[in-house]
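Enquirer: Single-letter residue listing:
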Amino acid sequence: MAALRALRRLGASLAPRCPGRCGPLISPRTGWPQAASARSLGTSALLFSARKFTDKHEWISVENGIGTVGISNFAQEALGDIVYCSLPEIGTKLNKQDEFGALESVKAASELYSPLTGEVTEINATLADNPGLVNKSCYEDGKKLLFHFQGVNSTSMIKLQMVFLSQADRLLSISPI
Amino acid sequence: MLRAGGRAALRVGPRGREPGSGGRRRCCSSGPDGLKQTPLHAFHRQQGGRMVNFAGWSMPVHYALSHLESHLHTRQHCSLFDVSHMLQTKVFGRDRVKFMESLVVGDIAELKPDQGTLSLFTNEEGGILDDLIVTSTSEQHLYVVSNAGCREKDWALMQGQAEELRAAGGDVHLEVSENALLALQGPSAVQVLQTGVSDDLAKLPFMSSAVMGVFGVPGCRVTRCGYTGEDGVEISVPIGRVLELVELLLRDPQVQLAGLAARDSLRLEAGLCLYGNDIDETTTPVEAALVWTLGKRRRVAMDFPGAPVIVPQIKGKVKRKRVGLISTGPPIRPHMPILSPEGRPIGEVTSGCPSPCLKKNVGMGYVEGEQSRVGMVLAVEVRKKSCPALVTRMPFVPTRYHTLK
Numbered sequence: 001m002a003a004l005r006a007l008r009r010l011g012a013s014l015a016p017r018c019p020g021r022c023g024p025l026i027s028p029r030t031g032w033p034q035a036a037s038a039r040s041l042g043t044s045a046l047l048f049s050a051r052k053f054t055d056k057h058e059w060i061s062v063e064n065g066i067g068t069v070g071i072s073n074f075a076q077e078a079l080g081d082i083v084y085c086s087l088p089e090i091g092t093k094l095n096k097q098d099e100f101g102a103l104e105s106v107k108a109a110s111e112l113y114s115p116l117t118g119e120v121t122e123i124n125a126t127l128a129d130n131p132g133l134v135n136k137s138c139y140e141d142g143k144k145l146l147f148h149f150q151g152v153n154s155t156s157m158i159k160l161q162m163v164f165l166s167q168a169d170r171l172l173s174i175s176p177i
Numbered sequence: 001m002l003r004a005g006g007r008a009a010l011r012v013g014p015r016g017r018e019p020g021s022g023g024r025r026r027c028c029s030s031g032p033d034g035l036k037q038t039p040l041h042a043f044h045r046q047q048g049g050r051m052v053n054f055a056g057w058s059m060p061v062h063y064a065l066s067h068l069e070s071h072l073h074t075r076q077h078c079s080l081f082d083v084s085h086m087l088q089t090k091v092f093g094r095d096r097v098k099f100m101e102s103l104v105v106g107d108i109a110e111l112k113p114d115q116g117t118l119s120l121f122t123n124e125e126g127g128i129l130d131d132l133i134v135t136s137t138s139e140q141h142l143y144v145v146s147n148a149g150c151r152e153k154d155w156a157l158m159q160g161q162a163e164e165l166r167a168a169g170g171d172v173h174l175e176v177s178e179n180a181l182l183a184l185q186g187p188s189a190v191q192v193l194q195t196g197v198s199d200d201l202a203k204l205p206f207m208s209s210a211v212m213g214v215f216g217v218p219g220c221r222v223t224r225c226g227y228t229g230e231d232g233v234e235i236s237v238p239i240g241r242v243l244e245l246v247e248l249l250l251r252d253p254q255v256q257l258a259g260l261a262a263r264d265s266l267r268l269e270a271g272l273c274l275y276g277n278d279i280d281e282t283t284t285p286v287e288a289a290l291v292w293t294l295g296k297r298r299r300v301a302m303d304f305p306g307a308p309v310i311v312p313q314i315k316g317k318v319k320r321k322r323v324g325l326i327s328t329g330p331p332i333r334p335h336m337p338i339l340s341p342e343g344r345p346i347g348e349v350t351s352g353c354p355s356p357c358l359k360k361n362v363g364m365g366y367v368e369g370e371q372s373r374v375g376m377v378l379a380v381e382v383r384k385k386s387c388p389a390l391v392t393r394m395p396f397v398p399t400r401y402h403t404l405k
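Residue numbers (full-length UniProt numbering), protein chains in the order written: chain A, 1 to 177; chain B, 1 to 405.
Please note that the accuracy of each hint is not assured.
Straight-line Cα separation of at most 30 Å, DSSO-like style, residue types lysine-lysine; simulated pairs [to be verified]:
hint : chain 1 : residue 1 : chain 2 : residue 2
1    : A       : 96        : B       : 384
2    : B       : 360       : A       : 136
3    : B       : 319       : B       : 296
4    : B       : 385       : A       : 93
5    : B       : 98        : B       : 112
6    : B       : 112       : B       : 296
7    : A       : 93        : B       : 296
A few chain B positions that, by computed beta-carbon distances, are all more than 10 Å from chain A [to be verified]:
hint : residue
8    : 212
9    : 264
10   : 370
11   : 401
Hints are computed from structural coordinates only; laboratory data are not their basis. Being a predicted model, the structure only gives us computed values, none of them experimental. Think of the CB as a built atom: it goes at the ideal place given N, C-alpha and C, for glycine as much as any other residue.
Looking at chain B on its own, in the form it has when it is part of the complex (with noise of 0.2 Å):
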């Protein structure tokens, strides 16, 4: 049910409900199991998706490849992605980025038309509420994307904040936006969209946005950005025409369906945080080694949230810092306790797996300060056995985003 204009949204006024909620369900559904369901749902199950409960949606882990398999097709060709479950947001207003500012730790102002950062929601004591993807689109909005896992938490952040700011006297309002969003990562993707829009792609960098048909489907938001370190694009698409284009897509003999458990560990070996398990509401973006997401002018004007806690830390120091940790063996797991060189229970393994590219273990997890230099080798408690692992840079495998320098 399209407005006119063609524009699937779902306009929310001051009173403010929670997004995909109430009668008007376009983006997702609920199945009899209770779990949300994105558009492409019913087509999942039938390509042999084996579904699970990803934060109250039911989602495909894999397909007919396994999860190796699909992996390292990401890796060599491209993969596709039902990333629908996460919350696409557009704040519109000519308040809207000194909103966006007011719950974020970025220089939101400074971004160029069409360009995008990764960000993060902060809370007064400077822990991490999200972290998203903002986007100063060229059509008099910011694109906003967040975690599925956070949609209730971050609707209500934002909502509240928008009510507010109007109360002040402002102007701004949010719209959640009911597209499906599908995600094409790999080397080949680029080329594979190619065929299917007139834009020339060579010219829309990483964490760039642009909106243009694809493949015969209008008004699609193409945003070179992704999760698995590949070059890559998000797509975001009317539900109306999200099969269409899937099957379009799924032509091109270099693209195979993906699900979670490739998503999950392509994103670790390109050492990319996972919300509730590397970062959450107890870690500071300093303690989570994501300095670099704190804008220049906001450190210095100390107008975000927490920053009174968060600023003095980045010179000064951490009890904890998030690391990568790389070893042989027994595969490190989240919740493993990390020891010093001596034995001394020093952390805890937040995320970890075996590394499908390079055939060792690799996983983040936090240390104290002090033994959280590169090239330091500790060790992880697995199965009540002590194993090596060294404090490395990440990413794990080095990533090929479509930069233009």
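Pulled out of the complex, with its shape left as it was, chain A reads as follows (with noise of 0.2 Å):
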């Protein structure tokens, strides 16, 4: 998109790396967090067994039904200091694959596409005024908005998790030339 043809101008070299602390390195044919890494992220046993990374690094995380999205460490370090953060209103039906906000940097800017299929029930207001929150908290404060999944059971629940999600690919587009 526009964007990234601006930031393929400056050509963003960003070599996949390891994310550090926060983020697992990922597999890009598994989607599956590798289990070494389950020691770098330094949260709870529940929230990290909760928490599922796609190969393009979102993350969702499942509770009872309700489901929250975020992006991974390594997506807020290639994005740089966001800027601007745009999200759904409470109630949204969202198919899976349906844009639903965007998140951009002063360099670059990545549409957030629904991971799955359901309806936004909270969204994380504090992004709004402060979006850098998604920079320094991705796992946190700046996780980005709660769904609330309908009749969605955990064999469905695991196949949509394996659904990529198109603006990582951007975030992962704008790596070397």
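Grab the two chains, each in its own frame, and use the hints to assemble them into the complex.
Expert: This is how it looks when you write it as structure tokens:
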């Protein structure tokens, strides 16, 4: 997209590398966090077991049918200081892969697509005034929004978690030329 | 490998080789990725620079400071940029001014000694081939700095024209300067520099140039210009001493290294064009709102490339005009459509970003001539939604050039 063409002009060469403390190393094929990286998360075991990463650096954490969505440390580093965050209104019904918002830094923009079908039950309103929280705390304060999933059983949840988020594609497509 | 006399310069004869090409690559070398490297490449990496490909050069986008931090630091203190990728050319010979004027739109003959100006190479269709700074030095040559992205094009243009002039009996020859080029920009830039030079920099006004020793490095050309809208200088330094100079400058805690990311957001806030985005071979100087670059004498003489197309546009109508846009909400970005108040597409954004200083979105784009009045409320289509945008004067952030009034 346009911003990424601009970014390609600058030619962001961000070699994919281990995101460090916050995020596990993602194998592009399995989409599941590597076991060895569990130690690197430093969050509670319960949260970790609930948080699933797509192979494109968004994370979803599901508890009692409510899903919480955010972006990984790698993604927020790739984007840079986030200065604008747009999220949908509460009550918005989203289908898998519907565009629901965007995160923008000074140099780049990234649309966000719903990983799952569901209804938005809560959004992280502080991000509107303080989008930088996505950078500072991508797993806690910066988590983007909460979904309520309707009629979803655990099998379909697993399948849906394998859906690739195309904005993460964009985040990765700003890798070296 | 300096010549006797200490001038690191590749003298190019009539056969004209591409600057920096051939066996004697001194100003730039190639890395394993095939990208050209400035003399400071290893230093950038050492300093944590995130390297990217810009116009075939491996350049730092930012260092340890984030983009925002670096941008704001430049406006509050000062930043040091490596801009060695740009082409620096010296034009010698009795007919150097005539030569330059055959390619650019400005009144070069009227430049005072050591005075420079922004000018434009144009083509016969009136389009802009590149923007550049031409300085008429007091050392019998013109000093020309042009864009890295147009290096081959500009070199071929200048070489070809020089050959023609010589064939007609003229006296002109070109030299590529293999110096490194640094930009030190920000409100404290000159104060920092002053501690290392004996010339009184208060007497070096905006767009003037002088050769001086800088922090013990002799023979540096210091020009009071830049690409940020702030006061500051560009320093052309012999490559053998540039690392030393950079390290000395960085000793001052006010100075931080800055890369291409900050360079782009700073210039946009200052309303400065980026060649390839905001101006290109399809835009005339009038469409690009750069009428001021057209020399007064040149407009009358009509003696620059494309004059028959460009000059009538000054008084007449243009189909499209470059404007500044300011908005809130989602940032506007290149290629987004610009819409009239009625929702009709009337143009396109060419540059845009959230302004770190203004906390609003700023951008430039071309719109139909009639819709280009300052104060008009247009709209930009951002992800299929229409967002209002105000046509505004530029610069968006006031500039702070050191002019002597």
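Enquirer: Would the non-interface assignment of residue 370(B) survive a Cβ cutoff of 10 Å against chain A?
Expert: holds (25 Å)
Enquirer: Against chain A, does residue 264(B) keep a CB gap of more than 10 Å to every residue?
Expert: violated (7 Å)
Enquirer: Does the alpha-carbon distance linking residue 96(A) and residue 384(B) stay inside the 30 Å limit?
Expert: holds (19 Å)
Enquirer: Sort out whether residue 296(B) lies within 30 Å of residue 112(B), counting only the CA atoms.
Expert: With Cα atoms ~16 Å apart, residue 112(B) and residue 296(B) stay inside 30 Å; holds.
Enquirer: Quick one: work out the minimum CB distance from residue 212(B) to chain A and report holds if it exceeds 10 Å, violated otherwise.
Expert: holds (33 Å)
Enquirer: Run the distance test for residue 360(B) versus residue 136(A): straight-line Cα separation, threshold 30 Å.
Expert: Given that 30 Å is the threshold and the Cα spacing comes to 22 Å, the pair holds.
Enquirer: Could you check that no beta carbon of chain A comes within 10 Å of the beta carbon of residue 401(B)?
Expert: holds (24 Å)
Enquirer: CA of residue 385(B) to CA of residue 93(A), is that 30 Å or under?
Expert: holds (19 Å)
Enquirer: Can you confirm whether the C-alpha distance between residue 93(A) and residue 296(B) stays at or below 30 Å?
Expert: violated (62 Å)
Enquirer: Has the given pair, residue 319(B) with residue 296(B), been kept, meaning a C-alpha gap of at most 30 Å?
Expert: holds (23 Å)
Enquirer: Can the restraint linking residue 98(B) and residue 112(B) be considered satisfied, given a maximum Cα separation of 30 Å?
Expert: The hint holds at about 15 Å.
Hints 7 and 9 from the list above are not met by this structure, while the remaining hints are.
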